[in-house]
Amino acid sequence: MRYTIYGAVALSVVVLGLAAAFPWLKLPLILALCYGLAALGIVVLLRAGQISFGHAMYACIAGYVVAYLSQRFPHLDGFALIGLGTLASLVAGMLIGAFVVRYREIFFGMLNLALSMVLFTLLGKFYAYTGGTDGLRVGRPTLLGVELARNGFETALLVLVLVCSLLVIWGVQRYFRSSAGEALMAMKSNEMRLEYLGISAKKLLWQGYVLSAGLCGLSGALFGLSQGLVTPEMGYWLRSGEFVFIAILGGSGHAVGAFVGALLYEFLKMYAAVLVSGAWQLLLGATLIVIIYFLPSGLTGLLRKRRAALGGEQ
Amino acid sequence: MSSLLQTRGLTLAFGGLVVANGIDFNLEEGERLAVIGQNGAGKTTFINICTGLIRPTAGQVSFAGTDITGRSPRHIVRQGMARSFQLPQLFLDHSVRQCLELAGMARQPRLPFWRPLRRSADGAAVDRVLELVSLAERQHEPVSNLPEGQRKLLDVAMSLMLQPRLLIMDEPTSGVSSEEKHGVMEILMRALDEQKVTAIFVEHDVDIVRRYATRVAAWISGGIAADGKPDAVLADPTVQRQVLGV
Amino acid sequence: MLALLDGVSYAGLLFLVALGLTFIFGVVRILNVAHGSLYACGGYAAATLGLWMGQGGDSLALSLGALLGGALLVGIVLGTVLMLLLRQFQDRDPILQLLVTFGAFMIFEDLQRMIWGTQPYFVSDVVNQMGTSELLGVVYMNYQLLFVPGAAVAVYLLLQWFLRRTLMGRQIVAVTHDREVATAMGINAKRVAYLTFVVGAMLGSLGGALASPTTSLVPGIGADMIVLSFAVVASAGLGQISGALIVALMIGLARSFCVYLMPEMEVVMPYVIMVLVLLMRPQGLFTVAQARRI
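Protein chains in written order, with the numbering used here: chain A, 1 to 314; chain B, 1001 to 1246; chain C, 2001 to 2294.
Hints are computed from structural coordinates only; laboratory data are not their basis. The model shown is predicted, which means the values in this text are computed figures rather than measured ones. Every residue gets a Cβ at the ideal spot worked out from N, C-alpha and C, and that includes glycine. Incorrect hints may have been included.
Covered stretches of chain A, as calculated for chain C (at least 3 residues, CB under 8 Å) [as the list claims (entries may be wrong)]:
1. 15-25
2. 111-118
3. 124-130
4. 139-147
5. 236-243
6. 287-300
The following block holds chain A by itself, in its conformation from the complex (with noise of 0.2 Å):
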């Protein structure tokens, strides 16, 4: 619990230092706030030791139901906006995860992929119901009944996303913790044994799925409304790839370490196209492979090992 409260401290001190600061930052900091969100919707699959390559398609989807929404009720308020397209990736990944869930590693990853890659053609393909490659446009809504000019509605989603992550470490690292958490983090080391003590694998592997895609969801919601524009890029494998880049980076052992590793690729992107003008993809590439191999288990995995070494939980 102290390492939450650590964490959440550090990132709040560190998000709203710099929007202070430097107010220019304000956007690149929720978006690499929405990239944590997703992130840690691929941590959560880590800790049973399945990746999935489509995640991206539950931000996607939440996303497109915001912008659709916000086009055809213009007077819905940001926060039904985002409760709505959360809402809609949980569905859809209770439904999807309902038979994805029977298959493992390479499968599960690879069935992930396929299932986003259909939803990323078919947006691309129906221009008159999605816009097509050209995307949707969000319109800013009232957020809890305020209208608010440009800069004051970026604030108030700096503010709104920080929350979000904030309650979103502190709920996912409860259940990290709990029975089902800890239960699905033994999916990872010994399935068959959970099967053997009676407990369904399928069934948490389901709860951990449709918790992952409604982080995803919540996710792109925020996103969409930040860009003011969804595009099927959002549902892309490269963007998959992004998360489950950033879920490494950040590693399984805290809620927290999703955010930390998003905050790092957003600045390591920022940090690169100035130095070395348009060869960020080259650096993170490069830090990927370097951090997979003197970190695999990603920043916070130095943690994990940490309390093992001191030997047993807190």
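With chain A's structure known, arrange chains B and C on it following the hints.
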């Protein structure tokens, strides 16, 4: 004493290979059955069928009067039959205590996802089992730290947390050094007595069998060749020749 | 029908790229995400060589030489780089190895952009040089109609011959089946792995090179191609070479029929097939071993 585990005509065949040959078997509550036989005689197959890992080609298995043929391991465990493994199956990323806590929680219909594991778990029950298998000092250590003998004990301990009526142990002392063997068996038997658990254990060590079993069944080529009191079965000439290699 | 011929041509290209991917997986058990870069760079290299050598001239031999040269160059260079990189992660979790190839892909994407820029490349001399044929009243470019499918089949047969009849090839097959036993028999598994990487990489870049005269080369085609290749490879079964040929054909034909019957679904088709196959037979249509399914 009622019949706890019963099989009728249990058969498993792959093409021409018959691994289980129409086995009729009955186990009463309270028995301590040792299963002996050469490798490949079909002992583990029999256990795998009874615990739901493999589906038989023919025949039935019933547990406490309920037909469990072809049911999943999960379902069978919930009926009250637990199993431990030749290679201990543990949760390597968790601590000793957590393994037992999880096993204890497994008896619940639903696993809570809000309350921490250590608070939901029946701490007293975990403490009792830890005492029974003498693992209390190491309870907070990661499982990976344990030597083989204690891993075996933990494996059985996890099954004990389920409060099963029948516990099947696959070679509980294999891989354990000879000095530790008897110690491990003493602890196990004491624990089983405490919890009033009927037990089947597969064993290769004749001394262990003689000392701890109330009944012995000898497996040869997919079928039971001899079944009865330990002294009788172990003295049987066929058993001596084909199983013990005397 | 017309759709048939279109489909076959497309299938040929798809097969070549997928072949490299499945071949590498079959031997070293790594799903190489960077395979997409091999495709893209192969295409770019072939285009550049074509521009440099052909200079808009009329020599078919030179054009073909450019294609092959580009493919070989990229295949050897990138293949070696990848292999050296992955050797550092030899005994790690396969998922981590996959992520390493993903990192490599990102690096190659930027390198590609730095070398060739973002303007589209389109070097189609060889297509014109091969002339046309008329079938059923429709004019076809010989390149797409005959050359590409022909090349695909030729490569397939060549590869099968190589794997069955040559010593090196048989060593590769041995390592594929059981690395430990093969090493125990004296086969240098490292050398075999290296060779496989280079061959697989060349196949990928060959696909790109052959595709370059008919597609506009822009940043991003690598990403599109890799996921499409995955669709073929996953549906056929990871490591199945002949299976990949059949599935590539299936997808090629399915796509071209779609273009005529249901144009919007054309791009979706391969992934729908992939989903259906993975749901019903996750180990792929042609694998014998069981997939991990609970």
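Can you list which hints this structure breaks, lowest number first? Violated: hints 1, 4.
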